[in-house]
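Participant: This is what each chain is made of:
4 protein chains.
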Amino acid sequence: MSLRLFESLATTELLAEVFSDASLLASMLRFEVALARAEARVGVIPVAAADRIADAAVVDAFDPAAIARVARASGTIAIPLVERLTARVRAANPDGATFVHWGATSQDVSDTALVLCLVRARRILVADHERLASALRRLSDQHAGSVMLARTLLQPAPPITFGLKVAGWFGAVSRGGARVDSAFNDACVLQFGGASGTLAALGAHGLTVAEELARELELTNPDAPWHAHRDRLASLAGACGVYTGTLGKIARDVALLMQHEVGEVAEPGGASSTMPHKRNPAGCAIALAAAIRVPGLVSTFLSGMPQEHERGVGGWHAEAATIAAIVQATGAALAALADAIEALSVDAGRMRANIAATRGMVFAERAMTLLAPELGRDVASRLIARALDVTRREGHNFVETLAADAEVAAVLAHADLSSLGTPEAYLGAAEQLRRRLMNIERG
Amino acid sequence: MSLRLFESLATTELLAEVFSDASLLASMLRFEVALARAEARVGVIPVAAADRIADAAVVDAFDPAAIARVARASGTIAIPLVERLTARVRAANPDGATFVHWGATSQDVSDTALVLCLVRARRILVADHERLASALRRLSDQHAGSVMLARTLLQPAPPITFGLKVAGWFGAVSRGGARVDSAFNDACVLQFGGASGTLAALGAHGLTVAEELARELELTNPDAPWHAHRDRLASLAGACGVYTGTLGKIARDVALLMQHEVGEVAEPGGASSTMPHKRNPAGCAIALAAAIRVPGLVSTFLSGMPQEHERGVGGWHAEAATIAAIVQATGAALAALADAIEALSVDAGRMRANIAATRGMVFAERAMTLLAPELGRDVASRLIARALDVTRREGHNFVETLAADAEVAAVLAHADLSSLGTPEAYLGAAEQLRRRLMNIERG
Amino acid sequence: MSLRLFESLATTELLAEVFSDASLLASMLRFEVALARAEARVGVIPVAAADRIADAAVVDAFDPAAIARVARASGTIAIPLVERLTARVRAANPDGATFVHWGATSQDVSDTALVLCLVRARRILVADHERLASALRRLSDQHAGSVMLARTLLQPAPPITFGLKVAGWFGAVSRGGARVDSAFNDACVLQFGGASGTLAALGAHGLTVAEELARELELTNPDAPWHAHRDRLASLAGACGVYTGTLGKIARDVALLMQHEVGEVAEPGGASSTMPHKRNPAGCAIALAAAIRVPGLVSTFLSGMPQEHERGVGGWHAEAATIAAIVQATGAALAALADAIEALSVDAGRMRANIAATRGMVFAERAMTLLAPELGRDVASRLIARALDVTRREGHNFVETLAADAEVAAVLAHADLSSLGTPEAYLGAAEQLRRRLMNIERG
Amino acid sequence: MSLRLFESLATTELLAEVFSDASLLASMLRFEVALARAEARVGVIPVAAADRIADAAVVDAFDPAAIARVARASGTIAIPLVERLTARVRAANPDGATFVHWGATSQDVSDTALVLCLVRARRILVADHERLASALRRLSDQHAGSVMLARTLLQPAPPITFGLKVAGWFGAVSRGGARVDSAFNDACVLQFGGASGTLAALGAHGLTVAEELARELELTNPDAPWHAHRDRLASLAGACGVYTGTLGKIARDVALLMQHEVGEVAEPGGASSTMPHKRNPAGCAIALAAAIRVPGLVSTFLSGMPQEHERGVGGWHAEAATIAAIVQATGAALAALADAIEALSVDAGRMRANIAATRGMVFAERAMTLLAPELGRDVASRLIARALDVTRREGHNFVETLAADAEVAAVLAHADLSSLGTPEAYLGAAEQLRRRLMNIERG
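Chains as they are written, first to last, in numbering that gives the first Met the number 0: chain R, 0 to 442; chain C, 0 to 442; chain Z, 0 to 442; chain G, 0 to 442.
It is worth saying that the hints were derived from the structure and are not from the lab.
There may be inaccurate statements among the hints.
Quick list of the computed label-pair ranges, beta carbon to beta carbon [to be verified]:
(1) Ala342/G - Glu129/R: 52 to 58 Å
(2) Asp180/R - Arg385/Z: 46 to 52 Å
(3) Asp140/G - Arg68/R: 30 to 36 Å
(4) Glu129/R - Ala65/C: 26 to 32 Å
(5) Val389/Z - Val58/R: 55 to 61 Å
(6) Arg385/Z - Pro93/G: 25 to 31 Å
(7) Ser344/Z - Asp415/R: 48 to 54 Å
(8) Ala65/C - Ala21/Z: 15 to 21 Å
(9) Glu430/Z - Asp94/G: 44 to 50 Å
(10) Gln431/Z - Ser181/R: 54 to 60 Å
(11) Ala177/R - Asn220/Z: 31 to 37 Å
(12) Glu129/R - Ala21/Z: 55 to 61 Å
(13) Gly42/R - Asp388/G: 25 to 31 Å
(14) Ser417/C - Arg68/R: 39 to 45 Å
Here are a few chain C residues that sit away from chain R, every Cβ distance over 12 Å (derived from the structure) [unchecked claim]:
(15) Glu12
(16) Glu16
(17) Arg29
(18) Arg36
(19) Arg122
(20) Leu198
(21) Ala355
(22) Glu364
(23) Gly394
(24) Ala402
(25) Ala403
(26) Ala414
(27) Arg433
(28) Arg434
To spell it out: a stretch of chain G is covered by chain R in this simulated footprint if at least three of its residues, at any positions, have a beta carbon under 8 Å from a beta carbon of chain R; those stretches are [unchecked claim]:
(29) 14-20
(30) 72-81
(31) 276-286
(32) 290-296
These numbers come from a predicted model, not from an experiment.
All C-beta atoms, glycine included, are put in the ideal place defined by N, C-alpha and C.
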């Protein structure tokens, strides 16, 4: 198992595997093998050496604990890995050992291995993103006509539809996913520059080897090595941060709607260790936890960007744990929220009942739009305030109270008054906006 | 003056003006006037009302201190502004007062006013970005042939050219500027949704008014109001964070190169209050300060994203100060670094001397690339380690020491040995990479 | 007015004044005057010079805009301030000008002026802290017997008292205030070290001048200058962060309890610009905004700590704006929350009604504690799950459903069953814990 | 192995073990056993049940992967752990199963288990802190007389001693360690409150059980359960952040002093994978990486503090991974820096040479203190500026240039002039301050 209990809510099984020791070692070895093959093809090293390196690059032959120990002394896991690989090649073929890691620097293998892990993680994130987006699309379509309270500053506001609310979630999820996707495109590029970023150890063959290496690894070859310029990874971190913020917003909405006192939706949720009656918003908790954790991690990544000269002291060393945590948290939030939304139960009756429970007061704004043009804002304000007072004090219904007011009745048609408290009559452009939001991906 | 001394290094005069009280009030009033005009054009309110609103919307008639005081009680500056505007219209024309802020909500005016300020800030950032990019381009071209030490983990590494180093800066600056630009495009959109985001108070005219309002303000009209979905602004914050990280990286490099012991470049810098001999990297200090401040501010913005339902409690309220600080810090860094780079003095002789001061040891890697294919990595390593030991112990030159070694001389041609310590002979693809980086904007 | 609209929710009038230009200039001039007086007393400079410096140190004679402009060129506001002060002294008395800022460095005046501002801010924070703590104490005592739902993961849990809930707030507020207080004690110390922190320019008199200067400014004189060691200020930032987190927790609780669907408490709050019926949790919004902003600001402060050698490049320059923002945000949260709690209205009836609305299901845990010892956990679980199912499906009351179960009635006494749904009968140690928490300050 | 390669620089072997699955499971089981024993002693559950629970609580019988999987569905690892423990007890003794986790809630076991891990981590941190403090003390004493340049904004300033510089490090390390220690004291307290924090399920025995449980676990019993009040842990996080900032400051200083061009100190460091000549500041890199990572993690912890009601959604769930990362990063920095400082080599000759390399210009401030009282600041400034110009232009020595100036010679005694460039003559209170700093722990 590659996931730790202390982080059980911070990743998923699939993502934990991507950032496991086995996966990282495999990625580093894949780099070294691809490098040797590329160099052999270009004629920089003997083909036989490349073959021996490929033979020796067997994940199970590498002891993560020993590598980690040396890494803390040397500041990088690349050095012990290369040493161990060299020793294995030497044991089989002393000549081949000469050409292990030929022309490369520690950062080439570390960064490219990280990128290879990111490529794998990306597929997992995309799958859960699509699952979430589909579930939101279905949910919005199903509830295009389900009226509910809008809530601003957690207080009731004039009605919307649940379909529109979900369409808002969908729009933000679509934008968020697109940004992450684009950032992965930019970030998933080869790192290969040798000691100083000039590929000098490869003489005239540097750029050709780089091209071959990129092809071998199915990565884009960027314009130049990016050793101390971490902006592409930083942008990926930022895009994950923005997306996770959106996932957290949705999770918070769901958790609030799931309160017993609100009761409008419920995710399948989890049980309690002690309270038999409870159903907890466990999926929302995981998504919100990610939305709380990722901003600080993004901040860390950005803080580490001012890296000294051609390879930094500390800034670079802070990255691996950080970007792995960011991507896993994003994926954990996506998976948990996709599960929650796919299985969300919605109580449209309770939504309507919660509007009714405001006893019409939520339509006070509407009353203002009807009365003010007739009576002027000041008179209208006075009449509405008076009706609200009476409504609150005596537990009446605002619409009826208002209708009973002679001053109001004198200027408002019966039809207007009778529909004043009808949610469907005060939805404005809700459905048009919902459709515009749902078309985002197609438009 | 709109800049405060406590933040004198955190902004520029131009940007401080953009985020000043006068500028914010003007933006809010511009929204209210444009709203009234759009509504009058669509026929939702009387043209005369729109005219009276425009007459009353005079920045100087609004007292920022009084507005701030009420804002703390109501949670938004929109409420006191609208009240004051209404009072001014009422004084001139009681009927007009009815139609101030008609159909809009506080967040519509606050968010759109923020966007209007961002549009202005963007122009300032773009101008300094272009100034910086041009200066970097010139500098890189001038020093395409100036050899210098690469430095990894602050230790000497095989040579690069200063032209390549600057091209790396240029590449990251170009990418950073492009990301900020794209994020401004996405973020600078109209906010207009009314109380619940449905434009219900405008009946059937909501979407038409929105179109007119966007045209009036020269802003894009998005697919829907974005009240509690803050991802577009968050992306802008993130892009500023990544860009500022790059500016901080360049500033750190310059400050390090400017150390007395290194002495390779100097920015014009600032004096000391007490030490007559000093020239401080003041521009770098401002850029680095921004690179330290912005990550935490980005984190704040992302943290505030999970906003409740249709308008959040706290998350939204944390944004204005945060985004204003981010944009100003980015601009302060840009301006300071553009000044520093434009006036940077470069000492190419000192660069070469610093290579020489490593007494050839920085070419040990090159020696390895020459010896290992002949002798195998293990023998080569032993010979080089021995020569390095002698060099260190006796203060010799590594290249000469190595050349004096009979085992080495037996396998290496005289030409190879004599050029082993020549920086120009070990630059690899430096110039090709430099050209690729400098073409980024054209490619 | 020293507060800006973009930050109107991020400070208070009193705190904005403390961090205003006038206040900062006054603090810097106070340092320069005190330094001159201390040096004159020790005999390092002429008494007449000290008098002339005191005469010239008139806040209004200094133009903040001009100082800020030079600050951006020199990296510090100290240099233009000292230059201007020197010019003013020189105009009156050329000899006196020699001794302005004698033996001090820019950082001495900047840091000590910051500390003097912090001393003033502290008093404001303490006053609001005491106001909040008193209000919480009263509230807890008043509602020692008001039963309400506990809520875990936003779902109903067995009852607590509102008195206990408020006592929990009080406990955390007391600990938070105590930590901030202690951190202010540590942080509010003199900075005085001269160019390199050795006071060398004062020859043998350095330590004596430092003692006199500290006395003059009523500040503690620390063991040594702390130029690049920022841990004391960082601890203050951290303590403010922890305290603001607690204030945010209370604000979130109040805002949630204030939801229309919950309706258990209400802060006086603010109006809406468009919805006449609304009362917004404006105080909570301000406190929560601070709780969202301060963590990122604390992160910034900590990130800036690794400052180079005896004075850093950038790390130090990032601090002033950051610490000022942290202290103001903390104070804004405190003031807003103290206002909200002092005027909080509590609906104990609604609290009890919300328990009742769970139809007894919230006592399922209690049923388990009664049944399990008799029947074993497995049988008890089955019976309770069955009763919960029936309760949910048929809209019954859980306690009655359970009591109607023959298996249950066989083992549970009538008395236990009849009190099963009585909140007061299942409060455990609530009142004892409440008293322990309320005694924190006395204990 | 419990450490992962992606985090190999982010922890140590000892700390990775403390936060391993085995350690966490053992801590959780220890809680459950201690709870059963405490309850049996008080008479709440049968002694036999407690014995059976103790028998079943065998770490190896619990599958971390299975627990993690369920944790993601239920939002907590406590639920699957308790279920598995209950199943094991039931298999041996069905009656005992009734009393597993009796009266406790998930958070009781999760939080207390975390605290038990922190208690273990604390011992490791304390040991490395003491190792570091001792090494610093020795180093400072050894180099009380080693003069070196002070450096402000990375530019040369008048001399200090390396002993004073190290004493400054020591002072900050002492303060930092003391703060962490005190925060551990506050944070390492029992969590035990049952479902709602009232211990209601234990009837009249709640507080007594809590006392016994605390004794059993050798933890302090706080005034009340702290379920949603996370300020004690947050303070620990903050204290670690401040301490790590100090460790980062020292590491940055060391890495800068270790630059080839400066060459004043060297840590044993690590090799390069490709450059045989290099010795990298690997220990500094690890400490600086921690100083970059921890601020963002602290920010996360603080951001998560506003937790809803009696147990939050997301805020709580974000904590475990965060606090574990903070403590491990702090410990990794401490261990790496203690290693580096213990083995630091110091080149006092190079320190003196670097002063000399400023050609006396670093004493310009001293010249000012000598000349200004005689000639006035303006004349003195002019003479010094002229001498600096000549020095820079002609490569002379500033002291000699100045001495050659007739105007200067007229007012300055030969003795003053001849000692002007002697570092030892311009150290001010360096040694007194060093002694004051080194006595911190005793004072």
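Participant: Tell me the hint numbers this structure goes against, listed in increasing order.
Facilitator: 4, 6, 7, 9, 11, 13, 20, 22, 27 and 28
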